[in-house]
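S.K.: Each chain is listed here by its residues.
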Amino acid sequence: MTSGSAAYNLDDRRTSVSMSLRHSQSGRPSTPQHHLRSNNSSFASTSSASSSLRGEEDAIVFEFGSRWLRAGFEGDSTPTCVVGCGPEDSRRVGDYRGWLKGSLNAGSEPVKAQEWTGAYELWQMDVRDVDLGLVEDKIERMFRETYNKYLLTDAGTARLALVLPSIMPHPLLSSVLSTLFSRWRFPSITLLPSATMAVAAAGLRSALVIDIGWAETTVTGIYEYREIATKRSTRAMKSLLQETGRFLTRLSSNTSGDADEISMNFEFCEEFVSRFLWCKPQEGDHGSSALPQLTDPQEGASEMAEENIVGLLHKTVSIPSPSNPSSNYMEIPFSKLAEPVEKVLFAKGLADCDLDDEEKPVALLAYNTLLQLPPDIRGICMSRMVFIGGGANIPGVRQRILAEVASLIDQHGWSPVRGKVIDQQRQKLQNLSLNERPTSANSDNDTTPPSPRTCIRKGDGEKRGTEEEEIDPVEEKLRRTRDKDTKLPVQGLLREVESLGPWAGASLVASLKIRSLVEIEREKFLQHGLAGASRDLDTHGYVPDRRSGLRSGGDRSSWTLAGWG
Amino acid sequence: MSRPFPYAYISCPCADTPVPDPARKRRSKETSHKTNPEDPNVPVPEDYDFEDERTFDPRSPRSNFSLYPPEQLLYCEDCHQIKCPRCITEEIVCWFCPNCLFETPSSMVRSEGNRCARNCFNCPICTAPLAVTTLENVTGGGSQQGPWVLSCGYCMWTTLDIGVKFDKPTNIRTQLSKMTDSSRGRQMSKTFSDLKSPLSTYSSIDDQFPSPNEIRGDEASPINEQLSGPLNPEARFQALKGFYKSQIASTSSSPNDPLADFGAGFSSPGALNRIMSLYTSSSRLGSLYGGTSKKPKSKPPVMREALTASEGLRVPAPDAENALIRRMASDDCGWDGMASLEQRTFQSPDARFVEDLLPLPVLLRTKRSKRCKSCKHILVKPEFKPQSTRFRIRLIALSYIPLPTLKPLVPSPFAGLPSTTPTTAPNLDSLSPLRTVQFLLTLKNHMFDPVRVTLATPSVTPGRVASKVTILCPQFDIGANSDVWDEALQGSAAPGDARASRSGTLGSTEKVAEAGKVWDKGRNWTTVVLEVVPGSLPGGGGVTRRGRMKQHDDGSNDDDDNDDSDADSDANANALDWSGQTKDPNQRLQPDEDVLEIPVFVRMEWDSENQIDQEQSVGKGQNSDTVKRELAYWMVLGVGRISSEMGF
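Chains as they are written, first to last, in the working numbering: chain A, 971 to 1535; chain B, 53 to 700.
Just chain A, same shape as in the assembly:
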């Protein structure tokens, strides 16, 4: 960097072309940056001094979602800006229609739910219908405006870290990378998986990350920063917004013809969702009988709180009237506002068998992911549930998911086997067995209950729970070394840990100068594109798990896409 910045003292106009060659080889091409207060046209030495004082320039972290783009500098706790994506952002330059008064209510013609939300997406994961050129245009404009408006730094000079979902269609990934590389002179782009970053931002190494995102909800089991298992569901914010739109449409006009059509303003709906949607605590239908004190103190507290919440159900709140948000208000029962969430995220009123694999309710999804994990990892992960994504901000959703997972554990234990016959057999076995091997129903009573106990999978967790106290020498040793803080790693009980979010995690990781497994250098990408990524991960001297997302040493000459490959 110092050599590069020293070179900027030269007159830029003459040398820029030849220098650009040199820069690209040195891997840090950058354009002269700030020549403030220097009235001479040569590029001021003050700028290079200041940048070399800062040492390496702070990397810039972007988090891509289908709806929002978060951007900021490494080492900051919150992104500098969060930029949305909507039809106003893909208007022509000089088209200020969005600012005209009255155009806000313009979206009154009914629109199909899919199109209604589609205009507000940066991309879809289903690339079949995506115009990649359009995505590139949008990304270019978003980046440019973000740099010019909020980041206020020259684009392309600093390293760039992108936080992406851990599964990205390659055409999209290629579009993003080639747009960024060809438009600006980023020396390298680092990719970071969002779920792992969320774990890092929670201070954990292993967690179950429940990301209630826009297009889909992903539940990812992460152990030691590696993604172990992932499950997805389409029950996410997009369908929640669509449902809310239908709900408001029904409220505003009783004559609605097509059920799938929404005649609401999208912004109003989003506003509505972010302000007022909430989620009831789990109802005591089967809960009150089977889980009086389900897992941990959380339940007790929420039980008590439930009384309060029940009192709220009869309240009414006034919201701007959906038909005319700017002037009228209308009263609406508070309990109504919990309905879309329950219907969409928790599939209320639908039997499990009616649901397709891709539309499992969130709690079941979390449970299934836990079930898929190996038992010891499961024990670690279940007491480290991390909620991220827009849906996690809806009040009540987290505790509802926790409670539902708890009751699922209570119902089924950790057995994937269900059905009447199984229950009968289990009953028989239970009658046969003389030693007490309690079925799940009556055992979960104390503080470490949800350790797996069924007849099929013999309680690994339970065994571990009892044995590790006495035998495990490593535990002993660890305990001795960390005698000061007496807390042990919590495991086996359902617990939520709050994360600062993927963006903050990436900022944290970048500021600690931890290298990502995927670091794409400009020259190499421009030669071959994504196809240049080496798939042969074994050639790296030392192979971390391919999904860990963090790299340690290894061969620098070839690059890989790791989990994205």
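For the record, the hints were derived by calculation from the structure and aren't laboratory data.
Any given hint could be a false lead.
List of simulated lysine-lysine pairs, DSBU-like, C-alpha gap at most 35 Å [what the hints assert, rightly or not]:
id, chain 1, residue 1, chain 2, residue 2
1, A, K1447, A, K1483
2, B, K433, A, K1494
3, A, K1119, B, K220
4, A, K1313, A, K1285
5, B, K297, B, K459
6, A, K1082, B, K520
7, A, K1483, A, K1119
8, B, K230, A, K1119
9, B, K569, B, K220
10, A, K1082, A, K1285
11, A, K1119, B, K297
12, B, K459, B, K496
13, B, K428, A, K1119
14, B, K437, B, K230
15, B, K217, A, K1447
16, B, K459, B, K680
17, A, K1494, B, K297
18, A, K1285, A, K1318
19, B, K428, A, K1483
20, A, K1483, B, K520
21, A, K1119, B, K520
22, A, K1483, B, K680
23, B, K437, A, K1119
24, A, K1494, A, K1119
25, A, K1119, B, K217
26, B, K428, A, K1494
27, B, K459, B, K573
28, B, K573, B, K680
29, B, K520, B, K433
Here are some chain B residues pointing at chain A (derived, C-beta under 8 Å) [said to hold, decoys possible]:
id, residue
30, N116
31, F117
32, Y120
33, R288
34, E363
35, R366
36, G386
Just so you know, even glycine gets a beta-carbon here, dropped at the ideal spot from N, CA and C.
For chain A, the structure is supplied; the task is to place chain B on it using the hints.
M.R.: Quick look at chain B alone, frame taken from chain A:
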């Protein structure tokens, strides 16, 4: 579209060169037919190889990103090309606060979070600038000594609403950040985090300011604070950072860590790392020291996770969400008590209610110089001082490309046009379909060289609403932008006539638009006539047979039977059908589909003075002094909005 009709947009030619994706190139090389199924539904014709033959479609969603108002475009004199914001690179010249116009030095920009460090704040409710006022003044005292607040002159919000008062009227930002313990305070103490025990300093800072403003952030859930410590997101972030740093330091300090570089100790998964170190120590160290493989065991380099709140762990209180819900439902909150999405954009992620919102320091702005992306030629260079609005260099495109202006030509009753309407200007916001309108397109040259212009337009505009366009004189010359006196001298022959015809509205009685003839011409401008027959809208209910027949009688559009005439027989039923078919979104009128926009391909040629570095230009002119240049681009003329009813 939103601009008042008529308008003109210019498409930057950079849109024709798609983002070079090496992988895509390779893919298409492998199998050419494989690329086709990739995106068959894309409405844009994406055959970029045949770029020249492609008609620019102003309706395609991508064209929104390449169309610019002419005044926003730049021109690179080295590349001889129009430059839009996409094909330039920008460099920041200075940072300044748009409110106080003070410049911020580059070294301070980052640490101040790209925001004004002085007294400039925006209202968190309505974004109007806040003023520093004294409380004493409000109550009538003139002492000026009292506590100070920020108040919004628009929505009457003051910092008293969130319980914030300031001791002195200066340095509000520092006072506020001290009180709220927000990010800026953290940034200042960032250096401390590199000390050995960063957490202690943070907790002490947290304790230092238990001001009444501790309410913010976690205040929404007071129970939270008791259980998980008073760390707000920023403090938590720093705690986590400190924790990770100490962990890295302690785990990578083990001397026999074989994974040499610093990053290995922490970036690799702990368990794997330990296994690796066991292997290597048994092989390498084992041979050296004879089985001292206990050593790594005694000090396992395992990173642990954060365990306490001071390390950044946060287990939310079980009742936190319920408290939120209760507060949402309470009577004093309501819809307006919740912060809107827009208000929350730049606030702490915890801020949910209006009471949580903090005044926002004004975001800085920058002055940027712009360079051509391909040749690095400077296109725009502003003065450095924020107060100055002058530019040192500014190569705007309008001084190189002709400025297009469009206005309707009002037909005169005696001009032989078959219309019987009175001579009023057609209402461009509702053009009646299938009815000829004539426009005057004036191109004004700002170069000092005469220009030869060729216009081309598709005879039928792309899209479902097919309007027919004819440029009556597609090829013409525009004079040089020479001395203004030339025109005055030339025009002295018939000044009244020239003026009248230029305005096009006054009695241009004797003039009739003729094919192949320029309508009017001045010193550096030329006007040609554009004849437009707006197409009929698909959902148009007023397309009655009578109207259609009359149109045919009029003969103004005798070849209007591409796809409408078969619907002619039962136009009424058809119209009804269309409106009833609303379930099919393709049949319905898309937003802005009724806007009549004409893509026009402009090609201009001129001889310019040769410059030394331009030997390899397009072609030599007659003498060695001049060089023939050409520039071609697409332009979109927004003519008007087609109304759904036939107007007569």
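S.K.: Taking the hints in turn, state whether each one holds.
M.R.: Consistency of the hints with the structure:
1. A:K1447 <-> A:K1483: Roughly 30 Å between the alpha carbons, so the hint for A:K1447 and A:K1483 holds.
2. B:K433 <-> A:K1494: Satisfied, since the Cα-Cα distance of roughly 33 Å is no more than 35 Å.
3. A:K1119 <-> B:K220: At roughly 31 Å apart (the allowed maximum being 35 Å), B:K220 and A:K1119 satisfy the hint.
4. A:K1313 <-> A:K1285: At roughly 21 Å apart (the allowed maximum being 35 Å), A:K1285 and A:K1313 satisfy the hint.
5. B:K297 <-> B:K459: 68 Å, violated
6. A:K1082 <-> B:K520: Holds, at roughly 32 Å.
7. A:K1483 <-> A:K1119: 27 Å, holds
8. B:K230 <-> A:K1119: 26 Å, holds
9. B:K569 <-> B:K220: 74 Å, violated
10. A:K1082 <-> A:K1285: 32 Å, holds
11. A:K1119 <-> B:K297: Holds, because 32 Å separates the two Cα atoms, which is no more than 35 Å.
12. B:K459 <-> B:K496: 14 Å, holds
13. B:K428 <-> A:K1119: Status holds; Cα separation ~23 Å.
14. B:K437 <-> B:K230: Holds, at roughly 31 Å.
15. B:K217 <-> A:K1447: With Cα atoms ~53 Å apart, B:K217 and A:K1447 exceed 35 Å; violated.
16. B:K459 <-> B:K680: Satisfied, since the Cα-Cα distance of roughly 32 Å is no more than 35 Å.
17. A:K1494 <-> B:K297: Satisfied, since the Cα-Cα distance of roughly 32 Å is no more than 35 Å.
18. A:K1285 <-> A:K1318: 22 Å, holds
19. B:K428 <-> A:K1483: 32 Å, holds
20. A:K1483 <-> B:K520: This hinted pair is violated, its Cα atoms lying about 61 Å apart.
21. A:K1119 <-> B:K520: 42 Å, violated
22. A:K1483 <-> B:K680: 55 Å, violated
23. B:K437 <-> A:K1119: 19 Å, holds
24. A:K1494 <-> A:K1119: 30 Å, holds
25. A:K1119 <-> B:K217: Holds, at about 30 Å.
26. B:K428 <-> A:K1494: Cα-Cα ~23 Å, so holds.
27. B:K459 <-> B:K573: 15 Å, holds
28. B:K573 <-> B:K680: OK: B:K573 and B:K680 at ~23 Å, within 35 Å.
29. B:K520 <-> B:K433: 43 Å, violated
30. N116: Check passed: Cβ of B:N116 comes within 5 Å of chain A, closer than 8 Å.
31. F117: 4 Å, holds
32. Y120: At about 5 Å, which falls below the 8 Å cut-off, the nearest Cβ of chain A leaves the hint on B:Y120 intact, so it holds.
33. R288: Hint holds; B:R288 Cβ to chain A Cβ min 6 Å, cut 8 Å.
34. E363: 6 Å, holds
35. R366: With a minimum Cβ separation of about 4 Å from chain A (threshold 8 Å), the hint on B:R366 holds.
36. G386: 6 Å, holds
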